[in-house]
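Whole structure, please, built from the sequences with the hints as guidance.
Below are the chains, spelled out letter by letter.
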Amino acid sequence: MMESSAPVAAPFAAETVGLTKRYPLTWKRKVLVALDRLDLQVRPGEVFGLLGPNGSGKSTTIKLLLGLITPSEGEARIFGLPPESLEARRRVGFLPENPYFYGFLNGDETLRFYGKICGVTGAKLEKKIEDLIELVGLQNGRERPLRSYSKGMLQRIGLAQALIHDPDLLFLDEPTAGVDPLGSSQIRDLILQLKKMGKTVIFSSHLLEQVQEVADRVAIFSLGKKVLEGSLESLLTQNEGTQINLSADVSPEQQARLVDALKQAGIEGGAEAIRFTRPHLSLEQLYLRTVQTQADPRAKNPPVQ
Amino acid sequence: MISSLLRIIAIGRITLTEAVRQKVLNVLLIFSIVLVGSSVAVSQLATPGLDSAGLFDAQIKFVKDFGCGAIGLFGFFIALLSTAQLIPQELHNRTIYTILAKPVRRSEFLLGKFLGIVLLLALSVALMSLAFAATLYWQEIEGIHATTAAYDGTPNWRANPTAVNSYNHDVQLVITQVRDPQIIEAVLLIFAKLVMTISIALLISTFATSSIFTIITTFFIYLIGHMESTAREFWLAHGADASIWQTSLVGLISLLVPDMNSFTIVDEILAGNKVPWHHALSLLGYADVYIIVLLAVSIIIFDYREI
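Protein chains in written order, with the numbering used here: chain F, 1 to 305; chain L, 1001 to 1307.
FYI, nobody ran anything at the bench for these hints, they're computed from the structure. Where a beta carbon is used, it is the ideal one built from N, C-alpha and C, also for glycine. Since no wrong hints were added, every one of them can be taken at face value.
For the chain F half of the interface with chain L, some residues (derived, Cβ under 10 Å), not all of them:
1) G67
2) I69
3) R89
4) E97
5) P99
6) Q161
7) I164
Beta-carbon label-pair distances, calculated as ranges:
8) F:K151 to L:Q1246: 52 to 62 Å
9) L:M1227 to F:S222: 53 to 63 Å
10) F:S150 to L:I1307: 24 to 34 Å
11) L:W1245 to F:A177: 48 to 58 Å
12) L:D1288 to F:V31: 39 to 49 Å
13) F:W27 to L:I1307: 17 to 27 Å
14) L:W1245 to F:W27: 29 to 39 Å
15) L:D1288 to F:P24: 31 to 41 Å
16) L:V1293 to F:A177: 40 to 50 Å
17) L:T1017 to F:E134: 22 to 32 Å
18) L:G1285 to F:E130: 42 to 52 Å
19) F:L236 to L:D1303: 36 to 46 Å
20) L:L1255 to F:E134: 55 to 65 Å
21) F:S222 to L:G1251: 49 to 59 Å
Right, dumping it as structure tokens:
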């Protein structure tokens, strides 16, 4: 692996052209296509979600973009650089799926190790550790060995190690897998915070609602192929119908008057064209509101009944 | 260059810390130290006290054999077991992904891992050698005590200059045998052989899919390494009769597998024969060349490995 020349200004944080990964299954005389001709462009500062069922090519895409595996065909670039170059690696951070790390190290030691291999040392490293521990909220894990960490804590220390060298682009592979909803919402908040800090985030997940809450754009994968890509706004907006949200409670008499008013405005279509329903919370929203209120006795909002 | 070295050292340190904190290795090390120490008791059962010539010779030789044997055997287990699980464990814990996604070359990762295990081995051999040195010192005291007791069997021997000379000679013999600088030579050669074992295991682990495969394959290569010189001698003696296939096979094995048997020179040292330092140094040089070649091949294979 050679160190490449100085980075060239590139319009995309990550870009792939016809990226393909095939694994020959010699004993079956077959070839498994893990990723098929992927064209993808992620702009700097974007939060990009890779969606799809297990085995659809999300992790393969991330590994190819990190230069951990070599493509069978096509090309991947990180800020215009080959992914395996040290220059590109200085600009990326990675949190793998279900990481364990070194169980015998505590939180501080873990970050110190990762800092050192990235060339961050001395007072700069100690300051970075302080900042990251605060960012991921792991003050209670600084002295504890990682083997005693919960899954959520492991993911958070994983995020901290991915950020130790202040990368511009972060790859998070299933960052909320196996984490309880509260921990998972904390990770979601962290991703939003990273976006505010100007980082580009590419993450994979199969928790659709969570992706919806953080991603600017998504690509949906199936059987090694990208089947859909776009901004959430464009993908989720239904072109038929208009939704009106009212925060007030509407009585049956008021509903009848509203229907009359809509008819006067020229909106027709029979009784089924206009429906009145109460807004619903998703189960995740209900759970989070309840648990967060319980966890913080100073919370002003009572738990949802 | 310096940043590359710092990365290798950081990975080496973490590998050493991880290995030191593994209970199995600690138990193995404690057991080996106890064994080296207990060689005195075993030697007293095997060759009690002074021999027929009135010397403590056999008992000291036994302790030397036993000590060096224990260092070699336990060092082999420590080297093999810890190297074999290096990469599989990194893959299982997914730490390899986090490290290789950082600005770290694969060669630096592998060299760091190698450095960590060599440091672990150096630490283990140093601790075992310390126990060995303490045991030998104890033997010196025992030897002098036994010699004095034997001379005390003759009344007024201290008044007889010949007896005193003979006594001083016997005591000096015990001291010379115990404080033999050639033991350092022997321990260094054992260490070099163990580092070669680590290099072989590391090379196999770069393409192996399990640690069991690495352990078994390394063990067989180690055995072949011990037998190849015999095969070579046979081939040289019967060169004219050997077929082209036999000749090529023995030649190929000689090239690929390090000659472990050349390290049996340690036995010569333990038998009390003088082995000149330049001979030991040339063997250490041979080990160095092999280790460098094995590491270079490991790096090339690991560079292409998909993880």
